[in-house]
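Participant: Just so you know, the sequences run in chain order A and B.
Per this note's numbering, the very first residue in the first sequence carries number 1; after that it's consecutive.
Per this note's numbering, the very first residue in the second sequence carries number 1; after that it's consecutive.
Bear in mind the hints are in silico, worked out from the structure with no lab data behind them.
Among the hints, a few may not be true.
As the list claims (entries may be wrong) - Covered stretches of chain A, going by a simulated chain B footprint (3 or more residues, C-beta under 8 angstroms): (1) 49-63; (2) 66-80; (3) 111-121.
Said to hold, decoys possible - Some chain A residues flagged as far from chain B (calculated, every beta-carbon gap over 10 angstroms): (4) Thr21; (5) Leu84; (6) Asn161; (7) Asp169; (8) Asn182; (9) Thr209; (10) Arg213.
Don't be surprised by glycine CBs; every beta carbon is placed ideally from N, CA and C.
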Amino acid sequence: MSALLVARNLIRTLPGEVPVTLVRDVSLSIDRGEFVVIKGPSGSGKSSLLYLLGLLDQPTSGTLLLEGEDTTGYDEDRLAATRLAKLGFVFQFHFLLAEFSAFDNVRLPMRRLGRLPHEAQRQRALQLLRDLGLGGHEHKRPSQLSGGQRQRVAIARALANDPPIILTDEPTGALDSKSSINVKDILKELVRSHDRTVIAVTHDDHFATGADRQIEIIDGQLA
Amino acid sequence: MLLHFDIAWSHLRTRRRQTVASLLGVVLGVAFFLAVSSLMRGSELDFIARLVDSTPHITVSDEFREPTVQPAVLRHPGGAVSVLHVKPLTERRGIRQYKRRLGQIDAIPGLRAAPVLAGQVIFSFAGRDEAITLSGIEPARMKNVTTIEEDIVAGSLDAIDADPNGIIIGRALARKLSLSMGDTVSVVSPVGNVRVMRIVGLFHTGRAVYDETQGFAQLARVQALLNRPNVANTIIARLEDPYAARATAAHIERLTGYKSVSWQEASEDILSTLLVRNVIMYTVVSAILLVASFGIYNVISSVIMEKTRDIAILKSMGFRAGDIELVFLIEGLVVGAAGSVLGFLAGSGLMWVTGQVRLTVPGESDPVNLPVYWGWSQFVLAMLFAMLSALAATYLPARRGARLAPVAILRGAA
Chain A
1 MSALLVARNL IRTLPGEVPV TLVRDVSLSI DRGEFVVIKG PSGSGKSSLL
51 YLLGLLDQPT SGTLLLEGED TTGYDEDRLA ATRLAKLGFV FQFHFLLAEF
101 SAFDNVRLPM RRLGRLPHEA QRQRALQLLR DLGLGGHEHK RPSQLSGGQR
151 QRVAIARALA NDPPIILTDE PTGALDSKSS INVKDILKEL VRSHDRTVIA
201 VTHDDHFATG ADRQIEIIDG QLA
Chain B
1 MLLHFDIAWS HLRTRRRQTV ASLLGVVLGV AFFLAVSSLM RGSELDFIAR
51 LVDSTPHITV SDEFREPTVQ PAVLRHPGGA VSVLHVKPLT ERRGIRQYKR
101 RLGQIDAIPG LRAAPVLAGQ VIFSFAGRDE AITLSGIEPA RMKNVTTIEE
151 DIVAGSLDAI DADPNGIIIG RALARKLSLS MGDTVSVVSP VGNVRVMRIV
201 GLFHTGRAVY DETQGFAQLA RVQALLNRPN VANTIIARLE DPYAARATAA
251 HIERLTGYKS VSWQEASEDI LSTLLVRNVI MYTVVSAILL VASFGIYNVI
301 SSVIMEKTRD IAILKSMGFR AGDIELVFLI EGLVVGAAGS VLGFLAGSGL
351 MWVTGQVRLT VPGESDPVNL PVYWGWSQFV LAMLFAMLSA LAATYLPARR
401 GARLAPVAIL RGAA
């Protein structure tokens with residue numbers, strides 16, 4: 001397996017009268033097709049590390065290589081373009097746009113990227129929803145779906161532009177046990193069948209057991 | 001762009017009540033903008049039309065803009081010559097060879113001209129003396145350059161041709177001196193000539209001073225009365241395009257050398273007053289739209305506060321700050337555009353109602369409708385103001401929304 005994401009000496013400090021260091025000198029390498037779980041107690045810096053790896057935040061120092069390219073000097077627009085094409089996010093709360101149907105939510109990233117023609121976008125959105133067991137729910141709004149269904153729509157949306165990396169932050173945190181297992185299975189399937197890389201932040205031990213690798217972080221440092 | 005519009009539209013739809021309230025603000029702003037500006041512009045144009053109708057478009061007088069250059073200055077051009085206390089040579093007043101000048105002016109396309117010899121005379125009747133300005137005219141030409149014929153309330157302009165001793169005076173002067181049609185009156189000129197003239201016409205322009213101090217008689221008769229045969233001291237002209245008067249007057253001045261004044265130059269003080277009035281009017285009506293823009297600001301700010309999670313997720317998905325800004329700017333523009341269109345309808349209704357109001361203007365016997373201007377320019381201006389207000393109201397909150405850091409929102413939501 002080849003390294004898809006390489007972090008070298010990542011440090012993230014929030015400025016202020018008393019600067020707070022969220023991530024301290026983290027170096028790691030994540031391969032293509034790997035399911036990595038980042039574990040740790042609350043406030044340990046798991047999510048902060050995920051935001052750095054997902055280009056949502058920029059490190060105070062250190063470098064981050066994505067597919068061999070250093071992203072450290074990217075400006076906001078280039079970071080956004082990279083996120084759009086190469087990264088998919090699933091958060092604890094689904095964050096679907098309430099006014100859009102499940103189908104429209106899934107189509108959003110495809111419409112923004114504009115790589116596929118209109119009809120192909122439509123077909124892909126429907127296929128993704130069907131693959132995730134949401135056939136027949138395409139035109140429902142998020143308020144008409146259960147928690148597990150919403151999270152599956154969020155996963156479909158994360159997969160819309162066919163990104164090589166899916167980053168998830170407590171994806172089962174707001175779900176019941178049955179839905180949690182379902183979401184975990186979907187993520188595992190993505191790695192197994194589609195050679196995608198999944199990086200998941202969790203403090204759910206049961207969720208973590210399915211991962212290829214578990215990384216523990218305490219006080220912003222790798223344990 | 002369609003994607004951004006879809007998101008913007010969904011935001012406006014979910015906050016329907018606030019959207020409708022802000023939309024109403026723009027509608028009322030645009031409607032009142034149109035109603036007030038159409039009335040002001042209408043009255044302005046009506047006033048200018050009356051001004052243009054009632055005064056000659058160009059007046060060529062027997063004067064020069066610059067004093068005659070003294071021979072000593074001409075002898076030493078560029079020399080340090082200063083000629084002081086010059087008493088101008090006494091010369092016969094009037095436009096020299098006025099018939100030739102008239103021919104030159106008449107040759108200008110789209111222009112009709114008439115000669116006038118105006119002078120002060122004394123009206124003497126029943127022991128009362130009144131000083132008036134008596135203008136010698138050629139009725140056939142005069143009809144083409146002024147609206148005086150329309151103001152004749154008794155007799156006709158041609159009557160002074162039929163009766164060489166005929167005179168037309170204002171109805172107000174006739175009332176003042178208890179004169180009526182057919183009465184005779186003694187007219188005394190400054191050179192001492194006395195003629196008995198007969199009232200063959202009365203006019204009423206509504207301008208009190210003019211109606212009490214002006215009289216018209218045949219040009220040849222006035223020339224004889226004032227001892228100035230073959231002289232005219234004014235040539236007045238009317239143009240097919242009144243707004244070409246300034247340029248044409250300059251051309252005539254170059255052609256004849258005599259001072260040639262356009263109606264715009266003669267009414268510069270009035271026109272500048274109208275300009276100031278317009279500035280005040282547009283400032284006031286724009287203030288209405290400014291107030292309406294606060295409604296838009298309020299809606300967009302509320303949407304941004306409510307949609308911070310959406311902003312975070314859109315940004316995490318790969319939307320740029322510019323995309324977010326565009327979404328909110330579209331929201332403002334949609335409110336501005338929809339408000340403008342509905343405002344056009346409401347404004348047109350108000351304009352129509354205003355146009356139905358009938359008032360009796362002092363000096364007019366019949367009631368007249370309020371003058372309302374229906375030109376497209378004010379609609380464009382109203383929409384421009386509405387869109388600019390909407391954009392200005394949206395810009396700051398949109399920029400603030402675009403700058404939101406997704407991580408800060410996600411941390412807060414977690």
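Participant: Now tell me if each hint is right for this structure.
Facilitator: These are the hints, each one checked on the structure:
Coverage of the stretch 49-63 of chain A by chain B holds. Counting CB-CB distances below 8 angstroms, 4 residues qualify, and the rule asks for three or more. Restraint check on the stretch 66-80 of chain A versus chain B: 3 residues with Cβ-Cβ distances below 8 angstroms, three needed, restraint holds. Given a C-beta distance limit of less than 8 angstroms, the hint that chain B covers the stretch 111-121 of chain A holds, as 3 residues qualify and 3 suffice. Every CB of chain B is more than 10 angstroms from the CB of threonine 21 of chain A (nearest about 15 angstroms), matching its label as outside the interface.
For leucine 84 of chain A, the non-interface assignment is contradicted: its Cβ lies about 2 angstroms from the closest Cβ of chain B, within the 10 angstroms cut-off. Chain B draws asparagine 161 of chain A into its interface by the beta-carbon criterion, the shortest separation being 8 angstroms against a cut-off of 10 angstroms. Chain B draws aspartate 169 of chain A into its interface by the beta-carbon criterion, the shortest separation being 7 angstroms against a cut-off of 10 angstroms. A cut-off of 10 angstroms between C-beta atoms confirms that asparagine 182 of chain A is not in contact with chain B; the least separation is 22 angstroms.
Listed as outside the interface, threonine 209 of chain A is consistent with that label: its C-beta sits roughly 23 angstroms from the nearest C-beta of chain B, beyond the 10 angstroms cut-off. Even its closest Cβ contact with chain B, about 23 angstroms, leaves arginine 213 of chain A beyond 10 angstroms, as expected for a residue assigned away from the interface.
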